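Novice: Combine the two chains into a complex, taking the hints into account.
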Amino acid sequence: MNTDELEQLLAQQPVALLHRLARGRVHRHFRAGKRRLIELLLQHSIHNRAGLESDLQTLIGERHSRSEAGSSPVHRSPTIAHKKASPRGADPDSTETAVSLSAWLEGLGVPSPQPFVPDPWQSEALSALNETDVVISVPTGSGKTYVAVEAAHRAMEDNRSVIYTSPLKALSNTKYTEFCRIFGPEKVGILTGDRQENGQAPLLIMTTEILRNLLYDAASGEIDIRLDTLGLVILDESQYLADPERGVVWEETIIFCPSQARLLLLSASIGNPQDIADWLTSIRSTACRLVRHSKRTVPLRAGYLHPNGKLTPLFRTLGIPYGHPNQLHPEAKRLFLEYEEETLPAGRPRR
Amino acid sequence: MPPSIHPVDLVTALRHKHLTPAIVFLTSRRACDEAMETFDHADLVLPPARQEAIAVALERITVQHPSIAEHPLIPIVKRIGVAAHHAGHLPSWKIAIEELMRQGHLDAVFATTTLAAGVDFPARTVVITQSSIRKSRDFTDLTIGEIQQIAGRAGRRGKDHVGFAIVTPSPYIDLTVLTKGLTGQPEGIDSQFTISYPMVLNLLKAHPHEQIQGILAKSFAQFQLNQRAELLEQKLDALHVQMEPFGPRVCTDWITQWHTFDHARRHRHTRHHTHRSESPEIVARLPFLTPGRVVGLSRGHGIVLRQYRSKGQKNSMLTVLRPDNAVTECPVTSVKEVYDRTYDCAETSTYPWCSTEAFDRLSHQLEDLPPRLPVLPILVSPGTESLPDAIVQSLGDFPCPTCPSRPACQKDFITASRLRQEQQRHTKSIQALRTSLWHRFQERVDVLQKFGYLTTATQLTADGEWARLIRIDHSLLITELIRAEAFAGADPSLLAGILASLAHDDDRPGAFPRISPGLSSLLGQVRKLAESLSPYEDPPLLRADVAALVERWIADPSLTWIGLCRLTTMAEGDIYRLLARTLEFLSQVQALKSTHPGLAESASQAITLIRRGVLEELP
Ligand SMILES: Nc1ncnc2c1ncn2[C@@H]1O[C@H](COP(=O)(O)OP(=O)(O)OP(=O)(O)O)[C@@H](O)[C@H]1O
Ligand SMILES: [Mg+2]
Chain A
2 MNTDELEQLL AQQPVALLHR LARGRVHRHF RAGKRRLIEL LLQHSIHNRA
52 GLESDLQTLI GERHSRSEAG SSPVHRSPTI AHKKASPRGA DPDSTETAVS
102 LSAWLEGLGV PSPQPFVPDP WQSEALSALN ETDVVISVPT GSGKTYVAVE
152 AAHRAMEDNR SVIYTSPLKA LSNTKYTEFC RIFGPEKVGI LTGDRQENGQ
202 APLLIMTTEI LRNLLYDAAS GEIDIRLDTL GLVILDESQY LADPERGVVW
252 EETIIFCPSQ ARLLLLSASI GNPQDIADWL TSIRSTACRL VRHSKRTVPL
302 RAGYLHPNGK LTPLFRTLGI PYGHPNQLHP EAKRLFLEYE EETLPAGRPR
352 R
Chain B
633 MPPSIHPVDL VTALRHKHLT PAIVFLTSRR ACDEAMETFD HADLVLPPAR
683 QEAIAVALER ITVQHPSIAE HPLIPIVKRI GVAAHHAGHL PSWKIAIEEL
733 MRQGHLDAVF ATTTLAAGVD FPARTVVITQ SSIRKSRDFT DLTIGEIQQI
783 AGRAGRRGKD HVGFAIVTPS PYIDLTVLTK GLTGQPEGID SQFTISYPMV
833 LNLLKAHPHE QIQGILAKSF AQFQLNQRAE LLEQKLDALH VQMEPFGPRV
883 CTDWITQWHT FDHARRHRHT RHHTHRSESP EIVARLPFLT PGRVVGLSRG
933 HGIVLRQYRS KGQKNSMLTV LRPDNAVTEC PVTSVKEVYD RTYDCAETST
983 YPWCSTEAFD RLSHQLEDLP PRLPVLPILV SPGTESLPDA IVQSLGDFPC
1033 PTCPSRPACQ KDFITASRLR QEQQRHTKSI QALRTSLWHR FQERVDVLQK
1083 FGYLTTATQL TADGEWARLI RIDHSLLITE LIRAEAFAGA DPSLLAGILA
1133 SLAHDDDRPG AFPRISPGLS SLLGQVRKLA ESLSPYEDPP LLRADVAALV
1183 ERWIADPSLT WIGLCRLTTM AEGDIYRLLA RTLEFLSQVQ ALKSTHPGLA
1233 ESASQAITLI RRGVLEELP
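Taken in sequence, the protein lines are chains A and B. Residues in the first sequence are numbered from 2 upward in steps of one, following the working numbering. Residues in the second sequence are numbered from 633 upward in steps of one, following the working numbering.
In isolation and in its complexed conformation, chain B is listed as follows (with noise of 0.2 Å):
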């Protein structure tokens, strides 16, 4: 046991202090269970007319919920005044409870930080022995937020001058991450939107394609990423301005040009050096075929909207912008001529590879182009085995060196090449921020076009107008089960013993020997297809055991709750969430009563049949 303070000394010093009632918040049930276990034998007892009370008022509660009857905390409850509350017990000893807190009963109550958010259970005092807690099978420091909501327990409207929020040691503190978040800020909300298969399918049900992404930007996550591409822009315009010095000198894209010209005198390799495939000619123009850029081709001029490689060609590609608003793609080795000249041109993601505004530019740009353009000076770098003397001699080609812009292109070069470099990483970040969400849509609507769910033209086929009412975890697997008729036949104990083994995302050990073989050679077959969908859904736990534990519930009605708690390792608590979520699992299957008539009554059965005894009992 860790040193910490003793709970019977705990409540002592709070009784003494005149700080209950209090909620003492540890870091797993299983400490809240050790803390009740050491009032066993402790000698706190409260005077008998508080004794009496709790068990009047227990009585009271026990009418409502039977099932809190025979608890065994409940001695220690009447005779102290404490107890534990904590997502390994029943709802209805959680109610219980916290009837007997609302009603001023108990001294203190020890809890884990569940109970933290939204249950309405205020104290005098709250007791804080950690920093951390288990978030995903690992530690992480609590929030200033979380924080706050833990201590904000403390201190009843109408009850308390003063709430108490009082920390003690024990080895799972850091003393600092306690003191910042009770005198900090609150962390701001970051947006956790992600788009999953049925918010597609319901999407595209009830709004045509090209509504979606209007859609999608009235999204939070939009709203905090139009923030961060909005600061970007400030940043872009801010860095046109320290561009102003650095425009158009003799030639137009003179950064480009020193560039590949430094590069050749320092006789190192551009990186385009890279593309093997690609003649030293071809290779020397890359750096220039950017955005903007007006290229000869064999029949005219053309604007060049992007560059890109693709992986049947050998040569990297071009998409470029002909007369008459043609857009065209073709291999780099098609340009006749690069000439020195660029108009402003942002590449996008999507086609036509510019905003609609700077395609209506460009294209009144193209058109009043002159038949005759300055062509662009290229040095061709020769390859990675050539001799320093041929680089030298080449230089001589080069236009810099007996350029009158020379020495003011040299000074200004590193400057203007960082500021260029940074518009062009703002640029592609703000393209990136406006455009992820759709993205991440269009690629779940590939996936959902893969497996028949959608048509070509993104109307919801047969199977998906059924599949959207699937709205749960897990949903992709739940839907190609069915499709794949993994459920036909199967009673309803099975069906609920495998929804039960995709809707539990604990993994707490339980045990359960036995699993009939109907459920278990099932389940393999589920195992089966979640792992050959893995690459487009994270696949459940589909625990065994689980399974089992609901299949038995509903095959053999004789069995009562205590009958099956017996059967594994799991709290109450834990069996009883089990439970919930199937049910809320079958009565999505339920909802397919118009498509798949006998799985729905399937499901409708598992329904009744789960409901009774203790989730009769429960609201």
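Looking at chain A on its own, in the form it has when it is part of the complex (with noise of 0.2 Å):
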């Protein structure tokens, strides 16, 4: 390939794919616009012309075989893009319709005011803390923080104290009012890096660097925190564990956590939560119990909206097709391939 048939081939692919060829090529790629990306991508690969042709290769045939692995003929002309896409019998995908836009929309609104029921992993997960550390995995907004509130309610009425750690200064402060507003204020204590209030109050809220502290302190026998009568500790956003910089701390805060005092992780939905309750396991003295699952509890669709503020489904299905990344609803592709193609900067009119 000479230099103006590899200008030419680039010209020839969505921006979208520009970019990815461009990662770790050009720097700040995504500031430049396409014909810039091209300059830039043509400028770079005088070093390296045969490694940006293969990756170039590599990603047009991605492309392809994924606008085969779709369902409905690709229509590259945004001229005969109404036609509707007449399902193919080859096609397992197609004999299924893809769900319509108003079916999409339907069922949105406020539910009635229920009496508050705890949900059966909720319960799971406070009876099983009453024997063992637990390990929470759950998807986003799933109500882990009742299980940490009613955990520490029943530590408090054990007169054990508790710790209750997050990533973030920022959420130690939300949850220092949440649980002021529970609890009553001479209950609740906070630690962060330059915030000290009440110190000595049985539930003690911190980051989860100043808990690594004093455990380090207590380790050497000094201390101004008592860590005898503590009765739990709750590591809120523990998937902050597979953090490059700062993950380090939730390993050390699990391995000094004293012994007595229950262990309550709490994370979002992630691939490996039997490994960490393995972990558990296999350092402190109870085996620990996982309590996971990863159904939203409030469901979840997808959506596509053009620039133009044409909204349609993103996936052919209602909600979203776990497991199913190819199942694209019809129209999101049409509109999203037309997007591509708009994109070019051949100085086509933009609407």
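Treat each hint with caution, since some may be false.
Lysine to any residue pairs mimicking SDA-like chemistry, simulated, CA-CA at most 20 Å apart [as the list claims (entries may be wrong)]:
no., chain 1, residue 1, chain 2, residue 2
1, B, Lys649, A, Gly310
2, B, Lys649, A, His307
3, B, Lys791, A, Ser260
4, B, Lys850, A, Arg247
5, B, Lys850, A, Ala288
6, B, Lys812, A, Asn273
7, A, Lys311, B, Ala645
8, B, Lys850, A, Leu338
9, B, Lys812, A, Arg64
10, B, Lys812, A, Arg247
11, B, Lys812, A, Thr59
12, B, Lys837, B, Glu1097
13, B, Lys812, A, Gly310
14, B, Lys850, A, Gln275
15, B, Lys649, A, Arg64
16, B, Lys943, B, Glu910
17, B, Lys791, A, Glu107
18, A, Lys296, B, Gly820
Think of the hints as simulated: they come from the structure by calculation, not from any bench. Please read these numbers as outputs of a predicted model, since none were measured by experiment.
Specialist: Here is the structure:
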């Protein structure tokens, strides 16, 4: 391929593909428009042309296999786009019809007030906590706080103190306000890198780093906070274990957590919660119980909004087709391809 | 402006379909601010009753957080019910917006993805405009976990039957990343365990050195390393079974023997020819002198535990197990005979170079050896320049040509040697997996000993005793500065200025023209020291502008928050974070009361001086 051919080939690609190609090659490539991006890619490739060409071919290949994997014929020209895609018998997906926009928007609204009944997983976690450490891994917004509050409540009734940690100062502050409201301000204290209030309270909120430091001080015998009555340690947002810079602090905290205190790890959905539970089992005195589920309490639907204001479901199904990323809604797919075509810098008027 | 939906159109569309309140995630703070500007003249105004409700709610929040009173976005928030929320804002502003959102007053909040984690901030709808985020100066694709955290903000329990995650394209989007993220399994957690200097000091303060390996073994890092090691061990077991047909034949180690013979036969040179300083006789022996090999030394037998090269030595060295459990080091030249006998023995990376069980077994086996053993015939390959004739001739000395087992060896060699290589590779990897944490710990110990924080017996020195209280980034630099008395006599503003430049790890531009000569020369000194420590610790950015900014805030108590903000192009939120991080660093220095009273006093004065205005108002 000579430079002109390469340039042409690049120009034929959607801009998203060029951005993927530019990743790791062009600094701040997201700032560049298509033409500039092509220029930068060509400049960069002076030193490694073969690498660029082969990556480009791979991306093009992937793109083709992706559009073949999809179900409906791809309309390249916006002028014929309004024609309905005719289902092809060979394709298993196309026999199902895709959800309509009105069906997709149906049922939205505010539920009537319900009396509070704990979810089964919440009760399960609380009763397991009587015996053992517990790891909870459930989707965002499921109600982990309820378990934390209830568990703290029980520990405090038992005259044991509780430490609640979160990774972010902002979140610690929010929880401080929330817990003061629930338990009364005299029962709650907060310790962060730059704030210390009511440090002798039975329920202490802190950042995980502060707890780690406390545990180090306790190990070397100098400490101003009593850990011998500690009954429960709650680590919120435990998926921070995977944070490149701060993850180590969660590990240190868990390793040095006093054995008489129960550990309660609250985490968003993660891929290997069983490993975390097995790890705790291997280093703590009791076997750790894992409470997990991946079903969202409030179901989620995904949509696609075109820059011209047109809204369509993103997937053919009403809910999110877990495990089937290719089940795109034909309309969303058509619009997105159109979008990619239109963002070509070739001077086509934008609508 | 990239072709993406206009913010006004977006809000209109969301309202029209009853998809509000919504959180709109944008790539950058700038994009959020620009989106706000587009509402300046928009006619999307809320009905008067809702405008009134927002005004009342805002007023109530302002009582607690006066710093939001003058916020430039307030008119838009009141009129249209949209707001921006990102790290460039003061925490008080973010709290206010979160509160308005919780009370249901807002229709849309334009935010960066920093909001995705942890903050309790749900909505009916989440709008996603990007598939990658800026992480340490580069854009990386969002992970499945991150996409689900973002999308998961949609759909409030008790307030919504359904939540909506809406993708709208921009040039920052790769649709496949998002569809995979929405439909996929979140990634597993991989341990990010690292061993820092303060960790080493604190561990050694509380536990004797010999217990540390056991403590490190409790980490999730080791748990995951063990998982990998166990997988390899299973493979190793399978390899063991596959190796069964290739056990000892006429000579016990026929694989190595055949290997050497075959090479010679093909006129190739074994890789050991690179050791030019060694004679061909020695070179030919090297491949046989592997762990488990029985050798004859000037007095009695020994079993090789490992072979290694040592800097001062011309020849390869051996560690040999001698009778009475003696472990000795000797050059390969002192080996008189190489016997045709080997025992199972996997090399380990620490003394005594094999597992304790293997060590015990080998010492028994050594004791039980008969006095006479068959000598291994070893072909000495000629030097590089030798003629093929010489090789062919010497092949005659080799046992293989006349050996009854030759056809079998020839046939099996390729398979057997591949299997054995795999075995060796796996054994090495398993070793590394089991011991890598401990090695990393030892590396840190070496550095701390070199700098005098630990004694050779790994006890904390007087300096180690206080240095362990500094548990923040760049701890080595900070403790070295303190030992060099860099802060002696420095007033609180200088101390805070330097700590600010150590604490601030953001490379977003700021600008501040004047820096005091005292701070400037001190910063120069810090830079020099940081440079010299760079082999042991990554140097901090040490930005002069942030140092000067913090110095000014402390040195001039009459400076107002607005005045401070005018001195730099940094966003309010960044200045706030800079000061908050500086407070954290100062409070660690303040903890050195008993050993460095002057310094601790200076730190505590700085803390008092920093806490004023906005910093006092906030939690
Ligand atoms: N059993 C329940 N029945 C009804 N509503 C509940 C129940 N449990 C919790 N909730 C409500 O669900 C909402 C979300 O709860 P919460 O903030 O604890 O979620 P979370 O799991 O901590 O989410 P995140 O991952 O965002 O931290 C809250 O408003 C809470 O009152
Ligand atoms: Mg939560």
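Novice: Now tell me, hint by hint, if it's right for this structure.
Specialist: So, going through the hints one by one against the coordinates:
1. B/Lys649 - A/Gly310: 11 Å, holds
2. B/Lys649 - A/His307: Roughly 14 Å separates the two Cα atoms, so the pair holds.
3. B/Lys791 - A/Ser260: 40 Å, violated
4. B/Lys850 - A/Arg247: Holds, at roughly 18 Å.
5. B/Lys850 - A/Ala288: 15 Å, holds
6. B/Lys812 - A/Asn273: Holds, because 18 Å separates the two Cα atoms, which is no more than 20 Å.
7. A/Lys311 - B/Ala645: Holds - the C-alpha atoms of B/Ala645 and A/Lys311 are around 8 Å apart, at most 20 Å.
8. B/Lys850 - A/Leu338: Violated, because 51 Å separates the two Cα atoms, which is more than 20 Å.
9. B/Lys812 - A/Arg64: OK: B/Lys812 and A/Arg64 at ~14 Å, within 20 Å.
10. B/Lys812 - A/Arg247: 27 Å, violated
11. B/Lys812 - A/Thr59: Holds, at roughly 19 Å.
12. B/Lys837 - B/Glu1097: Holds, at about 8 Å.
13. B/Lys812 - A/Gly310: The hint is violated at about 24 Å.
14. B/Lys850 - A/Gln275: 17 Å, holds
15. B/Lys649 - A/Arg64: 33 Å, violated
16. B/Lys943 - B/Glu910: 15 Å, holds
17. B/Lys791 - A/Glu107: OK: B/Lys791 and A/Glu107 at ~16 Å, within 20 Å.
18. A/Lys296 - B/Gly820: Holds - the C-alpha atoms of B/Gly820 and A/Lys296 are around 18 Å apart, at most 20 Å.
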